[in-house]
Amino acid sequence: MRSDLPYFKNALYTSLLDAHRHLYKVLQSHGLGDRTHLSVDVVNKEGRVEVSSVATELSNARAVVASIQNAVPPLEPGDVVVTNDPYSGSQHLQDHWIVAPVAKGTAAGGYISVHAHLADVGGRNLGNLYPGARDIWQEGVRTTPVRLFRKGELDRDVLELIKLNSRMPLVMENDLREMATTASELASQVGASDPSLLADLRSQSKGVFARPFDGAEGRTTTKRGTIHSCQGSDATVVLETRVENGALVVDLTGSSDQAEPGFFNSTIANTQSFLADVLANRLSGVFSSDVLEALDVRAAEASVLNCSFPLPVGWSPYGPRKVVTSLFQSALRELGIGEDYQVFESDWRPPVHIEGCRETECPF
Amino acid sequence: MISAITKQVIADSLEAISREMSRVVERTAVHPLFQEVHDYSTGIFLFDGTEVSLVARATALPAHIFGSLLAVQALVDVFEGDMNDGDVFLLNDPYLGGSHQADFTMMRVVRLSDSSMVFPSVRAHMSDFGGVVPGGYNPDARDVWQEGYRIPPIRLYEKGELREEIWDLILANTRLGETLKGDLLAIVGGCNVGGREITRLIDKYSADGVHQGMSYILEYAAARFRTEVSRWPDGVYRGERILDHDSAGNRDLKVAAKVTVAGDRLTIDLSGSSPQSPGYVSSVPGTSISNALLPVLAVLPDDIPPNSGILNQVEVIAPEGSVVNPLAPAPVMFSTTAIGYEVADAVMKAFEGITPERVGEVGLGYCLCTTFGKDSRFDDELYFTIEYGNAMCSAGGTSGTDGWGAWPATVSALIMATIETQELQFPMFYETYEYADGSCGAGRWRGVPSFVMRRTVAGDHPAFVNLTQEGARNPLPGYVGGAPGATSYAVLRPGTPEEEVITESVAEAELRPGETLFTFKGGGGGWGSPQERDPEAVLEDVFDSYVSPEEAKELYKVALREGETGRLEVDERATQGLRSA
Numbered sequence: 001m002r003s004d005l006p007y008f009k010n011a012l013y014t015s016l017l018d019a020h021r022h023l024y025k026v027l028q029s030h031g032l033g034d035r036t037h038l039s040v041d042v043v044n045k046e047g048r049v050e051v052s053s054v055a056t057e058l059s060n061a062r063a064v065v066a067s068i069q070n071a072v073p074p075l076e077p078g079d080v081v082v083t084n085d086p087y088s089g090s091q092h093l094q095d096h097w098i099v100a101p102v103a104k105g106t107a108a109g110g111y112i113s114v115h116a117h118l119a120d121v122g123g124r125n126l127g128n129l130y131p132g133a134r135d136i137w138q139e140g141v142r143t144t145p146v147r148l149f150r151k152g153e154l155d156r157d158v159l160e161l162i163k164l165n166s167r168m169p170l171v172m173e174n175d176l177r178e179m180a181t182t183a184s185e186l187a188s189q190v191g192a193s194d195p196s197l198l199a200d201l202r203s204q205s206k207g208v209f210a211r212p213f214d215g216a217e218g219r220t221t222t223k224r225g226t227i228h229s230c231q232g233s234d235a236t237v238v239l240e241t242r243v244e245n246g247a248l249v250v251d252l253t254g255s256s257d258q259a260e261p262g263f264f265n266s267t268i269a270n271t272q273s274f275l276a277d278v279l280a281n282r283l284s285g286v287f288s289s290d291v292l293e294a295l296d297v298r299a300a301e302a303s304v305l306n307c308s309f310p311l312p313v314g315w316s317p318y319g320p321r322k323v324v325t326s327l328f329q330s331a332l333r334e335l336g337i338g339e340d341y342q343v344f345e346s347d348w349r350p351p352v353h354i355e356g357c358r359e360t361e362c363p364f
Numbered sequence: 001m002i003s004a005i006t007k008q009v010i011a012d013s014l015e016a017i018s019r020e021m022s023r024v025v026e027r028t029a030v031h032p033l034f035q036e037v038h039d040y041s042t043g044i045f046l047f048d049g050t051e052v053s054l055v056a057r058a059t060a061l062p063a064h065i066f067g068s069l070l071a072v073q074a075l076v077d078v079f080e081g082d083m084n085d086g087d088v089f090l091l092n093d094p095y096l097g098g099s100h101q102a103d104f105t106m107m108r109v110v111r112l113s114d115s116s117m118v119f120p121s122v123r124a125h126m127s128d129f130g131g132v133v134p135g136g137y138n139p140d141a142r143d144v145w146q147e148g149y150r151i152p153p154i155r156l157y158e159k160g161e162l163r164e165e166i167w168d169l170i171l172a173n174t175r176l177g178e179t180l181k182g183d184l185l186a187i188v189g190g191c192n193v194g195g196r197e198i199t200r201l202i203d204k205y206s207a208d209g210v211h212q213g214m215s216y217i218l219e220y221a222a223a224r225f226r227t228e229v230s231r232w233p234d235g236v237y238r239g240e241r242i243l244d245h246d247s248a249g250n251r252d253l254k255v256a257a258k259v260t261v262a263g264d265r266l267t268i269d270l271s272g273s274s275p276q277s278p279g280y281v282s283s284v285p286g287t288s289i290s291n292a293l294l295p296v297l298a299v300l301p302d303d304i305p306p307n308s309g310i311l312n313q314v315e316v317i318a319p320e321g322s323v324v325n326p327l328a329p330a331p332v333m334f335s336t337t338a339i340g341y342e343v344a345d346a347v348m349k350a351f352e353g354i355t356p357e358r359v360g361e362v363g364l365g366y367c368l369c370t371t372f373g374k375d376s377r378f379d380d381e382l383y384f385t386i387e388y389g390n391a392m393c394s395a396g397g398t399s400g401t402d403g404w405g406a407w408p409a410t411v412s413a414l415i416m417a418t419i420e421t422q423e424l425q426f427p428m429f430y431e432t433y434e435y436a437d438g439s440c441g442a443g444r445w446r447g448v449p450s451f452v453m454r455r456t457v458a459g460d461h462p463a464f465v466n467l468t469q470e471g472a473r474n475p476l477p478g479y480v481g482g483a484p485g486a487t488s489y490a491v492l493r494p495g496t497p498e499e500e501v502i503t504e505s506v507a508e509a510e511l512r513p514g515e516t517l518f519t520f521k522g523g524g525g526g527w528g529s530p531q532e533r534d535p536e537a538v539l540e541d542v543f544d545s546y547v548s549p550e551e552a553k554e555l556y557k558v559a560l561r562e563g564e565t566g567r568l569e570v571d572e573r574a575t576q577g578l579r580s581a
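Protein chains in written order, with the numbering used here: chain A, 1 to 364; chain B, 1 to 581.
Just to be clear, a hint being listed does not mean it is correct.
With a cut-off of at most 35 Å between alpha-carbon atoms, the simulated DSBU-like pairs for lysine-lysine come out as follows [as the list claims (entries may be wrong)]:
no., chain 1, residue 1, chain 2, residue 2
1, A, K151, A, K9
2, A, K25, A, K206
3, A, K45, A, K206
4, A, K9, A, K25
5, A, K322, A, K163
6, B, K181, A, K45
7, A, K45, B, K159
8, A, K25, A, K151
9, A, K322, B, K374
10, A, K322, A, K25
11, A, K163, B, K159
12, B, K374, A, K163
13, A, K45, A, K25
14, A, K151, A, K45
15, B, K159, B, K204
16, A, K206, A, K9
17, A, K322, A, K45
18, A, K9, A, K45
19, A, K163, A, K151
20, A, K163, B, K254
21, B, K181, A, K163
22, A, K151, B, K159
23, A, K163, A, K25
24, A, K151, B, K181
25, B, K181, B, K374
26, A, K9, A, K322
27, A, K163, A, K45
From the structure, some residues in chain B lie toward chain A, with a derived Cβ separation under 8 Å [claimed, not checked]:
no., residue
28, D93
29, G130
30, G131
31, V132
32, P152
33, E165
34, D168
35, L169
36, N173
Simulated restraints, written as ranges between beta carbons of each label pair [unchecked claim]:
no., chain 1, residue 1, chain 2, residue 2, range
37, B, P462, A, E334, 43 to 53 Å
38, B, P462, A, D234, 18 to 28 Å
39, A, K151, B, G49, 29 to 39 Å
Simulated from the structure, these hints should not be mistaken for lab results.
Cβ coordinates follow ideal geometry from the N, Cα and C atoms, glycine included.
So that you can see chain A by itself, here it is in the shape it has in the complex (with noise of 0.2 Å):
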C-alpha cells in the first residue's frame, strides 16, 4: 500500500483507514499476523465498493452487500447485519461480516461494511481448517445475513446463536460488538461527511482505470500454478490473461474442477477479490468496485476457483490466494500493466502442520 497516493489526503479515506487500525489493535481474535484480515468499505445503495481499506476483498465486499439486499429487509438505521457465510459473499467461514446502513438521503448512502477474521465458528477442528472437509458444515457453523441489531436493541438470540456455536464465545461478542459499534460510528461520520469527499475519490478512481490497458491490446500470456491438497490430488490453476478490446480477460476455466475433500476451493468472489487485489495495487487505484469492472473474470462453474455449493472454502485465502495473486503479478508483470508493489503483509508464519495431511511436510 503507497500512502503516498493522493487518496491517502482525502478524509473519508483517512476515516476508514482509523477505523481499519482501531480495529486491527482492538479485536481480540484478530490473531493471524497482518492487516489483511480486516477491512472496513463504503459500499452504496447499489452495491458498488466505493472505497475499501484495502484491496483483499472487493469482490467479497460487493457480493456480501448483494446478499443482505436479497435477504434482510430495507435497512433502517441502527440496524447491523452479521454474516460469515461464503454463500453470502464472506471469503470463509472465520470471516465474519458486519454490515450498517449509512443514513438515507446522505452523500454516500448504502453502507458501511466491516469484516474480520474472527476467532472460531465450531465445526471439527478449533480455527475451523480442515483438511479433509467434503462440505461446508465440516468446518463450522453458516450465518446466514442476519440483524445483529434492530435499531439499535441488540437480537439477543443472533447474539446467542453466533456465541453458543464458537468455541471463544466471549471473544467472538466482544469482536462482535466492536466491530458493529466501528460499522455504526462510521456510518454516521460518513453520512455526516462533505460529498465533495465522495466525489473526489470516485474522480480519482474512475482516472486510473480510464483506459490503463491500451499498451497490451491484444496480448496473451498464460501461468500455471498448483495448489496443495492435503488430502487428494492437488489442484491445477490455468491463468490466462489478455487484453480484448480494452478489457482484461483473466480466463481461469482450464483450471482443476472443484475439489472433494478439499477446503481450498474458492468461490468465485473470492477469485475476484484475489485478482483485484493484484490489479488495484499494480495500478496504483482507488479499492474500489471499479478495479472489479475493469476485470472480466471468467472461471468455469463447478471449478476449483469457482466451487458451487456446499463445497468447504476454508483454505481458500491461503493456498489458493497465494498461487493465483503470484500468477496473476506474474502475467501483468509480462504484459507491462502496472507496477510491482510491494507487499506489506506478513507472508512469514512459523512452520505449521495441518492435522489431516497426507505429506508429513506439509507445504502450509
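Got chain A sorted already, so can you dock chain B onto it with the hints?
Frame of chain A; chain B shown alone:
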C-alpha cells in the same frame, strides 16, 4: 371452584390435545425417522409462576418428554417476563435444556395469567443439523461443536409472526434443508394445534378452571405415587450397569444407582458412576434424570398418570463431572441411548430388591448405525438415515410375559420403518431382516430373540457408515435370576477378503455399491430362573428356532424326544430328572 368431574374432564382433554398434536406431527413430517419411526414426543407443560410441570403427554419417549421439563425451564429462565401468546420458542442445545442436538424442542406460549403459562411442546429427532457428520452421530467427536449446530432457547415466532432471518439461519445449518424445513413446520403445526385447542379449553372453562384441572391431575398422581411408595419396604437398594466403551478408547464405563425408599419418599443417587468421558456418551441431566425415572414409572401401576405429580416426588442426584452429568463441552450425541438407558437399567436393577415382580428390561443395549451418501436415483441427492435394524431387539422377559416385539414397552412409542420404505427412500437392498436363531436371554420368561440384518449398498455411489456397537462384552442384563441377552457385533463386507468385524466403533466406513453390512444385535435378558420355565413353552421356542434342543437341555433343563408322530415333545420324566438334579 369447579367440580372434581370437570377437573378430570379438563385433564383428559389435555391428554386428548397431546394426542391431536401428535397426529398433526406424524401426518405432516417428512423424514421417515419422524413420520414412520415416531422419534418424537408431544406434551403439555405448565409454568405456574414458580415451577414447571409436565401435565399431559402422548406418543412419548420418556427421555424426550421428561427431559423436556428442563427445556421449558431453560426457556422460562431466559425469557420469563417477555413471553406472549403466539410466541414459539426453539432449542436443541444439550447444555441448555436439550438432550442431544438432534432433538429439537419447540414450545408455544399460551398465557393463563400474568404469571402462569401453558406450553404445548414437541420434541423431535431431526435428520441433520450441520456438524462434522451427517446426522450428528460422530464417534470421533471430542467436543459438542463436532456434533452439530447448537441452538440455545430462541424465539422463532413472535406473537404468531415468523422471524424469517432466524428461520433461514437454522435452515442454513443443515445438509437436508427441505427435509428439515418440512419437519420443523410439522412440529410448529403440532404446537399451534396444541395452542389453539388449549385456548378453546380456556374459553370453555376459564383460565382458572384449566389451571385447577391441571393442579388436580398433578396432585392426584402425587398422592397415588406416595401411597405406592409407602407400601415398598424401606431400605437402600443398589444396581449397576456397565457400558462397553465410549468410542474414545475408554472401556467399561459404570453407572451406579443407589435407590433409597424411606416412607413415601424415593431418592435415586447416581453418585459412584464413572467420570465424564471424552467420547460421545456422557449424558446430560435431562437425559439421565428421565432415564432414572423410567424404571420408577415402569414399576408403578399403569393407571397413575405419568406427570410431574410423580416426577417431582423423586429426588435424583447426578454428580457433576460424571458420565451422568458432564460439564460442557463434552460430546453427548450417543448418550440419549448409551449412557441414557444404562442409567435406566442400573436403577431397574436396584428395583429387583423392591418390586421384583415388576422389574424387567428398560434399556436397549443400543447399537448405532447411521448411513449417508448420495442417491443416484434422485439426482445424487444427499441422504441420511438411522438404521434401526442394528438397534433392535432388546425387550426382556418380565414376570408373566416373554420379551416381545422389538423394544421394551418403555420405548414402544418407536415404530420400525418398513423395509419397503427404507429401500424406496434410501439406496439399499435388504437381504436379511429377522430374529436370529438360538439367541434369547434365558429365563422363566425369556427375552426377545436377537436380531440379524444383512444390507447391501445399491445405486452407483458408496455409502458411508458410522457404527457404534455396544454389548459385545456387557450384554443386556437378566432380572431375578434370568440370563443376560446375547452379545452384539457387526461385520463390514462379510465373506470377502476385506471383511472387518466391528465390536466397538468405526466412523465413515465406506461401503462400495454391492458391498454388505451385517449386524447382529443381542436381544433382551430373561426374568427368573430358566429352570422354572414351562417346558411346553421351551418346546414352542424350539419349534420357532429361538432355542435349540441342546439349549433346551442345557439352559432350561428340558429334555425333548421324538414322539410317536415324529414330532418333538417334552420328555416329562427326563425333564423332572434334569430339574431335580
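Each hint, compared with the structure:
Distance hint between K151 of chain A and K9 of chain A is fulfilled; the C-alpha atoms sit about 34 Å from each other, no more than 35 Å. A hinted pair counts as satisfied when its Cα atoms are at most 35 Å apart, and K25 of chain A with K206 of chain A qualifies at roughly 32 Å. At roughly 19 Å between alpha-carbon atoms, K45 of chain A and K206 of chain A fall within 35 Å of each other, so this suggested pair holds. With a C-alpha separation of about 23 Å, the suggested pairing of K9 of chain A with K25 of chain A holds against the 35 Å cut-off.
Distance hint between K322 of chain A and K163 of chain A is fulfilled; the C-alpha atoms sit about 31 Å from each other, no more than 35 Å. Distance check on the hinted pair: K181 of chain B and K45 of chain A sit about 32 Å apart at the alpha-carbon level, within 35 Å; holds. The hinted pair formed by K45 of chain A and K159 of chain B meets the criterion: a straight-line CA distance of about 32 Å does not exceed 35 Å. Distance hint between K25 of chain A and K151 of chain A is fulfilled; the C-alpha atoms sit about 28 Å from each other, no more than 35 Å.
For the hint linking K322 of chain A to K374 of chain B, the alpha-carbon distance of about 33 Å falls within 35 Å, and the restraint holds. Among the hinted pairs, K322 of chain A with K25 of chain A is consistent with the structure: their alpha-carbon atoms are about 25 Å apart, no more than 35 Å. Note on K163 of chain A and K159 of chain B: the hinted pairing holds, with a Cα-Cα distance of about 26 Å set against a maximum of 35 Å. The suggested pairing of K374 of chain B with K163 of chain A holds, with an alpha-carbon distance near 33 Å, which does not exceed 35 Å.
Distance restraint check for K45 of chain A and K25 of chain A: the Cα-Cα separation of roughly 29 Å lies within the 35 Å cut-off, and the hinted pair is therefore satisfied. Annotation: proposed proximity of K151 of chain A to K45 of chain A holds, straight-line Cα distance about 19 Å (limit 35 Å). A distance of roughly 23 Å separates the Cα atoms of K159 of chain B and K204 of chain B; the hinted pair therefore holds under the 35 Å criterion. Taking the CA atoms of K206 of chain A and K9 of chain A, the gap is near 17 Å; set against the 35 Å cutoff, the hint holds.
The straight-line distance between the Cα atoms of K322 of chain A and K45 of chain A is roughly 32 Å, inside the 35 Å bound, and the hint therefore holds. Between K9 of chain A and K45 of chain A the alpha-carbon distance is near 25 Å, which keeps this suggested pair within the 35 Å criterion. Between K163 of chain A and K151 of chain A the alpha-carbon distance is near 21 Å, which keeps this suggested pair within the 35 Å criterion. Taking the CA atoms of K163 of chain A and K254 of chain B, the gap is about 33 Å. The hint holds against a cut of 35 Å.
Proximity of K181 of chain B to K163 of chain A is assessed by CA-CA distance (about 24 Å); at most 35 Å being required, the pair is judged to hold. A distance of roughly 19 Å separates the Cα atoms of K151 of chain A and K159 of chain B; the hinted pair therefore holds under the 35 Å criterion. Restraint check for K163 of chain A and K25 of chain A: satisfied, since their Cα atoms lie roughly 22 Å apart, inside the 35 Å limit. Taking the CA atoms of K151 of chain A and K181 of chain B, the gap is near 29 Å; set against the 35 Å cutoff, the hint holds.
Distance restraint check for K181 of chain B and K374 of chain B: the Cα-Cα separation of roughly 20 Å lies within the 35 Å cut-off, and the hinted pair is therefore satisfied. With a CA separation close to 30 Å, the supplied pair K9 of chain A and K322 of chain A stays within the 35 Å bound. Our distance criterion of 35 Å between C-alpha atoms is met by K163 of chain A and K45 of chain A, whose separation comes to about 30 Å. Taken as an interface hint, D93 of chain B checks out: its beta carbon lies about 6 Å from the nearest beta carbon of chain A, inside 8 Å.
Nearest Cβ of chain A to the Cβ of G130 of chain B: about 4 Å, under the 8 Å cut. The hint holds. The beta carbon of G131 of chain B comes within 6 Å of a beta carbon in chain A, closer than 8 Å, and the hint placing it at the interface holds. The criterion of a C-beta within 8 Å of any C-beta in chain A is met by V132 of chain B, whose closest approach is roughly 5 Å, and the hint holds. Hint status for P152 of chain B relative to chain A: holds, with the closest Cβ pair at about 5 Å, below 8 Å.
For E165 of chain B, the interface hint holds, since its Cβ comes within 8 Å of a Cβ in chain A; the closest pair sits about 4 Å apart. Contact between D168 of chain B and chain A, as hinted, is supported at the beta carbon level, the nearest pair being about 5 Å apart and thus within 8 Å. The closest approach between the C-beta of L169 of chain B and any C-beta of chain A is roughly 5 Å, which is under the 8 Å cut-off, so the hint is satisfied. Checking N173 of chain B against chain A: minimum C-beta separation of about 6 Å stays under 8 Å; hint holds.
In this structure the supplied range 43 to 53 Å holds for P462 of chain B paired with E334 of chain A, their Cβ-Cβ distance being about 45 Å. Checked against the hint of 18 to 28 Å, the pair P462 of chain B and D234 of chain A passes, with Cβ atoms roughly 23 Å apart. A C-beta distance of roughly 32 Å is found between K151 of chain A and G49 of chain B, which places it inside the suggested range of 29 to 39 Å.
No hint from the list above goes unmet by this structure.
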